[in-house]
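Residue numbers (our numbering), protein chains in the order written: chain A, 34 to 457; chain B, -6 to 115.
Mixed in with the good hints there might be a few duds.
With a straight-line cut-off of 30 Å between C-alpha atoms, the simulated DSS-like cross-links for lysine-lysine are [unchecked claim]: (1) B:K14 x A:K106; (2) A:K106 x B:K78; (3) B:K65 x A:K381; (4) A:K106 x A:K134.
Stretch-level coverage of chain B by chain A, calculated; a stretch enters the list once three of its residues show a Cβ under 8 Å from a Cβ in chain A [stated by the list, open to error]: (5) 28 to 38; (6) 52 to 58; (7) 102 to 112.
Sample of chain B residues with no beta-carbon within 12 Å of chain A, all distances over it, derived [said to hold, decoys possible]: (8) M(-6); (9) T(-3); (10) G17; (11) E18; (12) V20; (13) L95; (14) N97; (15) L99.
These aren't lab readings, by the way, just hints derived from the structure by calculation. Glycine residues also receive a C-beta, built at the ideal position from the N, C-alpha and C atoms.
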Amino acid sequence: MKTSYDVIIIGSGPGGLAAAIAARENGAEDVLMIERDIELGGILVQCIHNGFGLELFNEDMPGPTYAQHFIEKARDSGVETLMDTMVLEITPERMIYAINKSSGYITLSARSIVLAMGCRERTRAQIMLPGSRPAGVYTAGTAQRFVNVEGYMPGKKFIILGSGDIGMIMARRLTIEGARVERVLEILPYLSGLTRNYVQCLLDYGITLQKQRTVSRIYGNDRVEAIEAVSVDEKWNPIPGTQEVIPCDTLLLSVGLIPENELSKKAGVLLDPITNGPYVDDRFMTNVPGIFAAGNVVHVYDLVDWVTEAGYVAGKGAAQFAQAEKVEPEALIPLKAGDNIRYVVPHKLDKERLAEALVRLQMRVTTPIEERVLVTVENQRGEVIARRGEPYARPGEILTMAIKPDTYQAVQDASELTVNVRQR
Amino acid sequence: MPQTSEMICVTCPKGCVMQVKHEGEHVLEVLDGCKRGEDYAICELQDPRRMVASTVRVTGGLHPLVPVYTRKAFPKPLIPQLAQKLREVEVPAPVTINQVVLQNALGTGIDIIASRDMPKSH
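Please model the complete structure; the sequences and the hints are all you need to start from.
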């Protein structure tokens, strides 16, 4: 068995697949993708709904179709795979320790590594839901796997907590499969997921969404029998007298996703406490030389298309690093979150590389603005380098913007760049 | 009587809130949308359709189900009936991507196709 590779990618979801393909396209000799499941594709395998590929292919594909496109491309370009294999540890020297059933304990080394472990769902424990601990409380993604891949219905009468995209998509899916979704509750005063999902998943199927309302209690011993819903104020304090007990047998949680970085931490990769993902530069290299990160492991994206695009950038960077083409971090300047911006990815940008290719920024706003807004990238003197108008800005929907090579001159004397979103 | 309805376009992930002036099913003017939004508004008033994704049973496959979807947007009022129909469909592995699992669903002329390969279980 080969143990030394140019590029090793941890995870074979959309970020990992794109990174693997890009690594091969950019001259990496041997590229290995390590996947813990028995097949490639990551979470796309269970995302059977449509809506993928609109940005990259101008086509409306289901998740599995989108995945298969890239799986075939990766195979055709000679990417090697190690399936059913769990990575246990990564070192800053880019050693990888893993296990699987056929080879037992495996030690591998890579000239560069791309972290593509994706993200993980927040659970009941993380939102501190009170009440008993019966069966029938699942994260929305777990229920999605049961229903779409394994062929089990986790219940008959559902309450969904959280208006994230997976929660809304599961509300529709369960209804199509004959279950009843009593309610979707959202603690925030606004939707967490995309507006289109509110329309085509909830409105279309007559499912009620209640905002500023949450679950205050779970009833039942062996199995969920009911939940208590309550209204909350701006500070999420329950408002007395607004309780309602709703009979149900299953509670699904769609209360946020967290980048999965347990392996990254052990490798000495520093994490941004806001995104919960690594600090990255414009080619998605972390603070550890030769360790890159792609996709939801960096921050949680809205659209798979952007994950793929990020994977391509990271894979190209990893291939270049592996071939030691150029490593010159001197031109790196910080990209900062300014007015009404919660975070912006990447965290740093190489002024020199801007001459060759555009840099795509992804950011989330702090508070919603339901009017026309102007997104600006400014230098330390407040001079505008790039701007873009948007019809609105919502915390649930990522804003994206490109810094193009034609700003190369303007960026040269910048010591930092700040992104702002302001009302027009 | 012409009236204005608010409509959220679901054509792309932007989710524009459009103001649609219409007289019954006839669209007069669409504000705050693009060309695709206008098409959506016309369709939504006259013949609302949606892409539908679901699963059907597979025998002898890597997984017990294979994901499927409507080749084109499907008439919205018929979706519950389609869901019922798909519960009766069963196909043998292997299944290949784009394979038709239900032809001319409910007489709409729209085929239901597999959204991925489903190899035999090993």
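Against the structure shown, which of the earlier numbered hints fail to hold, in ascending order?
1, 2, 3, 5
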